[in-house]
Amino acid sequence: MKKTMALLRVGLKENFLLFSIKQRLGASVKDRILYLGIAALAVVVLAAIYYFMGGFFKDLFFMLAQVKQAHALLTLFIMAGQLLILIFGIFYMLSVFYFSKDLDRLVPLPLKPYQVVLSKYVIVLINEYLTVGIIVLPVFIYYGILSGSGLGYWLRLPVIFLLLPVIPLAIASLLVIVFMRVVNISRKKELFMMVGIVLLMAVSLLPHFMKDKPDPGIDQEKIVNFLASEDGLVQLISSNFPPSGWATKGLAFGFSSRGAAGFLLFTGISLLLFLALLAVGQEFFYRGLIGFHEVPTKVKTLKKGAYLTNISSGFHPVKAIFLRELRIMNRTPVFLMNGAFNLVFLPLLILIMALSGNEEGTFIIKLLSSVNPMVTILSAAGFIFLTMSMSATAASTFSREGTRFRISRVIPVSYKTQAAAKFLHSLAVPSIGLLFSSAVLLFYLKISIVLFAPAVILALVGVVVFTALGMIIDLSRPRLDWETPQKAVKNNPNVVVTMFLEIGFIIGVGFLCKLFFSWKLNSLVIYLSLLGVLLIIAFGLVHYLFASAPRKYESIAI
Amino acid sequence: MIEIEGVSKSYNKGKVKAVDNLNLTIRSGEIFGFLGPNGAGKSTTIKMIVGLLKPDSGSIRIKGMDNRQKPLACKSITCYVPENPEVYERLTGREYLDFMGDVYGVSADERRGVMSRLLETFGLDKAINNPIKSYSHGMRQKIILLGALLPSSEIFVLDEPLIGLDPKSAHSLKTIMRDHCDQGKTLFFSTHVMEVAEKLCDRLAIISKGKLIACGTMEELREQSRSTQSLENIFLELTEK
Chain A
1 MKKTMALLRV GLKENFLLFS IKQRLGASVK DRILYLGIAA LAVVVLAAIY YFMGGFFKDL
61 FFMLAQVKQA HALLTLFIMA GQLLILIFGI FYMLSVFYFS KDLDRLVPLP LKPYQVVLSK
121 YVIVLINEYL TVGIIVLPVF IYYGILSGSG LGYWLRLPVI FLLLPVIPLA IASLLVIVFM
181 RVVNISRKKE LFMMVGIVLL MAVSLLPHFM KDKPDPGIDQ EKIVNFLASE DGLVQLISSN
241 FPPSGWATKG LAFGFSSRGA AGFLLFTGIS LLLFLALLAV GQEFFYRGLI GFHEVPTKVK
301 TLKKGAYLTN ISSGFHPVKA IFLRELRIMN RTPVFLMNGA FNLVFLPLLI LIMALSGNEE
361 GTFIIKLLSS VNPMVTILSA AGFIFLTMSM SATAASTFSR EGTRFRISRV IPVSYKTQAA
421 AKFLHSLAVP SIGLLFSSAV LLFYLKISIV LFAPAVILAL VGVVVFTALG MIIDLSRPRL
481 DWETPQKAVK NNPNVVVTMF LEIGFIIGVG FLCKLFFSWK LNSLVIYLSL LGVLLIIAFG
541 LVHYLFASAP RKYESIAI
Chain B
559 MIEIEGVSKS YNKGKVKAVD NLNLTIRSGE IFGFLGPNGA GKSTTIKMIV GLLKPDSGSI
619 RIKGMDNRQK PLACKSITCY VPENPEVYER LTGREYLDFM GDVYGVSADE RRGVMSRLLE
679 TFGLDKAINN PIKSYSHGMR QKIILLGALL PSSEIFVLDE PLIGLDPKSA HSLKTIMRDH
739 CDQGKTLFFS THVMEVAEKL CDRLAIISKG KLIACGTMEE LREQSRSTQS LENIFLELTE
799 K
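Protein sequence lines correspond, in order, to chains A and B. At position 99 of the first sequence (counting the first as 1) the number is 99 in the working numbering, and the numbers step up by one without a gap. At position 221 of the second sequence (counting the first as 1) the number is 779 in the working numbering, and the numbers step up by one without a gap.
Worth flagging that the hints you see were computed from the coordinates, not collected in a lab. There could be a bad hint or two in this list.
[Said to hold, decoys possible] Think about it this way: if two alpha-carbon atoms lie no more than 27 Å apart in a straight line, the pair counts; the simulated DSS-like pairs of lysine-lysine are:
| # | chain 1 | residue 1 | chain 2 | residue 2 |
| --- | --- | --- | --- | --- |
| 1 | A | Lys101 | B | Lys691 |
| 2 | B | Lys684 | B | Lys743 |
| 3 | A | Lys552 | B | Lys573 |
| 4 | A | Lys112 | A | Lys13 |
| 5 | A | Lys58 | A | Lys514 |
| 6 | B | Lys726 | A | Lys552 |
| 7 | B | Lys571 | A | Lys552 |
| 8 | B | Lys628 | A | Lys319 |
| 9 | A | Lys2 | A | Lys112 |
| 10 | A | Lys13 | A | Lys3 |
| 11 | B | Lys767 | B | Lys571 |
| 12 | A | Lys552 | B | Lys769 |
| 13 | B | Lys621 | B | Lys769 |
| 14 | B | Lys767 | A | Lys416 |
| 15 | A | Lys416 | B | Lys628 |
| 16 | B | Lys612 | A | Lys416 |
| 17 | A | Lys552 | B | Lys743 |
| 18 | B | Lys743 | B | Lys732 |
| 19 | A | Lys319 | B | Lys691 |
[Unchecked claim] Far from chain A by the CB rule (all over 10 Å, computed), these chain B residues:
| # | residue |
| --- | --- |
| 20 | Met559 |
| 21 | Leu649 |
| 22 | Lys767 |
[Stated by the list, open to error] Covered stretches of chain B (in silico footprint by chain A; criterion: 3 or more residues with CB under 8 Å from a CB of chain A, positions within the stretch not fixed):
| # | stretch |
| --- | --- |
| 23 | 606 to 615 |
| 24 | 637 to 648 |
| 25 | 658 to 667 |
For every residue, glycine included, the Cβ atom is placed at its ideal position computed from N, Cα and C.
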């Protein structure tokens, strides 16, 4: 136990701002301003989101309360939070279990595998409280206020809240540990792992969408029966992920038999899965880990000078730097996962819905088009844009170099040229998202090409804005002192700041669209105005990026 | 030729003086050894020469060009080997050398010429198509050295280049260093290996606590100290004053 606690203490100090806040905030005035700025930005963006969502939530609450199904709202948000943790948990657990540099130091120590698993799991678990804190906690509080819940509700709330990420994260960890045990047998481990992880994500999601098509002949009596049961809607929603139903019952149904059963089931299964994780970790974790990072090399007996045959005949520095960026990203799993694999997420979600036989997609497009084709264009542009902006490529482009940024500082290539190569790479990676989102729009949602083309143009200009923005933020304060690649992307404050700014930007564009529609402008005028505004912002940011690159590069001490 | 004039650099808002009013001139065709205890300011000086750090005051000129005023021109004639062999480990050795060739504008023929000579000399010919991630510490040091030697620059700035090299490669490097300087090129390097510095360098400088405490040929250093023996004795005597 002592060893586990020591391991946890070190892990927490290494990974959390909270535990090293004094050290970090005390570093310099600039640091303080930066962290306070991030916090203020997050508060403003979240306040705006909560403000809009709050009104919508209240209406929905009272509507459902009329048929005594308001607690289904809890299920909906709990499930959203838990599914997010499950999907992204696969990425996170893979990173911390198999790609942390500290593993090289931990494995030789007299520790049992389950102790290492436990410490890593707890670190990610604490991180996930941020996710559930943002998505679910405000809903818990608002629901409690709107429903006038008693003391029991508020007492159970912290327990349920603390247990929310346990099940999805334990499932993600179990999947990853067992999967990596299999991967470690393969020769092309990293390739196998990357393809496998996408499949794993799909597999973890598929059951939640694989539901029976609604019975077209549903009769009045069934609806009455369904609404008559207090947990009818809860059961329906949570049929995709039962723990969300147990948590809802445990929280909202008080000390009734249903509530107690839900509470016990939720806490019991959480504990069981946690113990299962430790047992499986003890058995399989080191078997998947040890030897995973061995690099297979080819030792061929080459004829004298044979290695000189495929030497490059000389590339322009932009191409050389672009290739360097591309190769390093493609060959570093953590970079690839955060830069490129995220791009598959939204299209994959829609694809899974399509596989499960839902045909709401084409229906939604038809509905949107019948209201106003401009709405379809904006929605499609938003979808492409969101898909492409999932990539952390631009916001980590300088940080990813780490201490090797020294090379960029000494090579005889102007900083503007280097920034241009990185800009092109940061634009090229999200283009994978364009391919996937276009496929979904054209082949599943069956959007017409006349509406698709202008949507792509809008989205591309938006991506230029985000790329330049992400690079400006990362260049102003790159995180180069990392030992673990995941710190350059996932734990990089620049990626977080860019994400908040992106959300703020999307809200801003939404406001602008609403304003244009309220003026009852012609569709073409709305489109061109929006495009014009985006182009001006894009031009301004790109210009600033290249103009400031030499000064910023120079100011980075290595 | 490298000219360092009145260069100072401090950290922690001036509390720690890493380099204090340093004046040095390294002539063309000269191997110049830069010695000093740990934390004396050697790496800081080297980083200022190659443009990684900005001096608080003073100037550094490479072949007559101020490295702050004309950074690109200075970089294009300077090659730098850092103390830590940190390199793009996800690239293969060949890809790294190609990258260095591309950014320094080395033609394909020149690359072939240098690589055919040096890959076998340093024993990297069989590993050149493997990812650098699979290289040992010494092999990484060698691939960085090769990357620096590829453009055939006029100025070489090497920070502890012999650390991690096996005896054969260390010997080859010393021979290459001598050959380069015989061609009129300039070589500035830091080292802790006194025997190497004594045998290899045309001139030496010793820095301690950021200040230059001795500079000259071996003979001149002997004159500056009471010791008439080895460089190690001179070094110990001067740095422990």
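We went through each hint and held it up to the structure:
no., hint, in the structure
1, Lys101(A) to Lys691(B), "14 Å, holds"
2, Lys684(B) to Lys743(B), "30 Å, violated"
3, Lys552(A) to Lys573(B), "25 Å, holds"
4, Lys112(A) to Lys13(A), "21 Å, holds"
5, Lys58(A) to Lys514(A), "22 Å, holds"
6, Lys726(B) to Lys552(A), "42 Å, violated"
7, Lys571(B) to Lys552(A), "20 Å, holds"
8, Lys628(B) to Lys319(A), "24 Å, holds"
9, Lys2(A) to Lys112(A), "12 Å, holds"
10, Lys13(A) to Lys3(A), "16 Å, holds"
11, Lys767(B) to Lys571(B), "17 Å, holds"
12, Lys552(A) to Lys769(B), "30 Å, violated"
13, Lys621(B) to Lys769(B), "24 Å, holds"
14, Lys767(B) to Lys416(A), "37 Å, violated"
15, Lys416(A) to Lys628(B), "15 Å, holds"
16, Lys612(B) to Lys416(A), "19 Å, holds"
17, Lys552(A) to Lys743(B), "32 Å, violated"
18, Lys743(B) to Lys732(B), "14 Å, holds"
19, Lys319(A) to Lys691(B), "23 Å, holds"
20, Met559, "18 Å, holds"
21, Leu649, "6 Å, violated"
22, Lys767, "21 Å, holds"
23, 606 to 615, "holds (count 5)"
24, 637 to 648, "holds (count 7)"
25, 658 to 667, "holds (count 9)"
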